[in-house]
Amino acid sequence: MKATKVTKEKKESASERILKFIKEEHSFENWLLLVLAIILLVLGIYILVAAASDNNTFADDYFDISQSGWGIFDASWKVITISSVIIALSASVIIYCLWPVFKPSVKELKFVTWTDKKTLFLNSMIVLLFIVFLTALFYVFDFGLIPLFNLIFGE
Numbered sequence: 006m007k008a009t010k011v012t013k014e015k016k017e018s019a020s021e022r023i024l025k026f027i028k029e030e031h032s033f034e035n036w037l038l039l040v041l042a043i044i045l046l047v048l049g050i051y052i053l054v055a056a057a058s059d060n061n062t063f064a065d066d067y068f069d070i071s072q073s074g075w076g077i078f079d080a081s082w083k084v085i086t087i088s089s090v091i092i093a094l095s096a097s098v099i100i101y102c103l104w105p106v107f108k109p110s111v112k113e114l115k116f117v118t119w120t121d122k123k124t125l126f127l128n129s130m131i132v133l134l135f136i137v138f139l140t141a142l143f144y145v146f147d148f149g150l151i152p153l154f155n156l157i158f159g160e
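Residue numbers (our numbering): 6 to 160.
Read the hints as simulated data drawn from the structure, not as lab findings.
Be a bit skeptical, because a hint or two may be false.
Said to hold, decoys possible - Computed spacing ranges between beta-carbons, pair by pair:
| hint | residue 1 | residue 2 | range |
| --- | --- | --- | --- |
| 1 | Ala96 | Leu142 | 42 to 50 Å |
| 2 | Val54 | Ala19 | 33 to 41 Å |
| 3 | Trp104 | Gly149 | 32 to 40 Å |
| 4 | Ser58 | Trp104 | 32 to 40 Å |
| 5 | Ser20 | Lys115 | 20 to 28 Å |
| 6 | Ser97 | Phe143 | 41 to 49 Å |
| 7 | Ile151 | Phe116 | 49 to 57 Å |
| 8 | Ile151 | Leu103 | 44 to 52 Å |
| 9 | Phe126 | Ser18 | 46 to 54 Å |
| 10 | Leu37 | Lys83 | 38 to 46 Å |
| 11 | Leu142 | Trp104 | 42 to 50 Å |
| 12 | Asn35 | Tyr144 | 49 to 57 Å |
Computed from a predicted structure; not experimentally measured.
Ideal Cβ placement from N, Cα and C applies to all residues, glycine included.
Can you build the whole structure from these sequences, using the hints too?
Right, here's the structure in full:
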């Protein structure tokens, strides 16, 4: 028994063990990572807006990092590139953190049977006709009740 368990553990690569460790044993840290990624995404968007805009905005006042004196922020295209990388990185971390939530849904989509074109068209037409009917009904109610309300309220 022990020999098979040890060989299974040896077959797992280091990255698989790290991902397993993060997913199973540290779910709170994943949620913390999600919150930090959202904050980083907002910060990246503010920096991108400040670098790309010509007019004076909130992002210009508080996130104008071109005046920091660092060499990587001395040109507008560098700031835009760095903020784009920050946005892409934070978006990928958000997707990584939310993937376990949506993973069961992806499995369930394999069992969905889709309808044929004729049924889809028929059901879509029924929904559209119902919307048109409700629109006409509310229009008639509105058209009939406005004179009544004007009579009651004396407008």
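Hints versus structure:
One distance hint, 42 to 50 Å for the beta-carbon pair Ala96 and Leu142, holds here, with the actual separation near 44 Å. The given range of 33 to 41 Å is respected by Val54 and Ala19, whose C-beta atoms sit roughly 40 Å from each other. Take Trp104 and Gly149: their Cβ atoms lie about 53 Å apart, and the range 32 to 40 Å is violated. Roughly 34 Å separates the CB atoms of Ser58 and Trp104, a value that falls within the hinted 32 to 40 Å.
Separated by about 26 Å at the C-beta atoms, Ser20 and Lys115 satisfy the suggested range of 20 to 28 Å. Distance hint check for Ser97 and Phe143: the Cβ-Cβ separation is about 45 Å, which falls inside the suggested range of 41 to 49 Å. With their beta carbons about 51 Å apart, Ile151 and Phe116 fall inside the hinted range of 49 to 57 Å. The hinted range of 44 to 52 Å is satisfied by Ile151 and Leu103, whose Cβ atoms lie roughly 48 Å apart.
Remark: the range hint 46 to 54 Å for Phe126 to Ser18 is upheld by a beta-carbon distance near 50 Å. Our hint of 38 to 46 Å for Leu37 and Lys83 is violated, since their Cβ atoms are close to 30 Å apart. Checked against the hint of 42 to 50 Å, the pair Leu142 and Trp104 passes, with Cβ atoms roughly 45 Å apart. As the Cβ distance of Asn35 to Tyr144 is approximately 51 Å, the hint placing it in 49 to 57 Å holds.
The structure fails to meet hints 3 and 10 from the earlier list, while all remaining hints are met.
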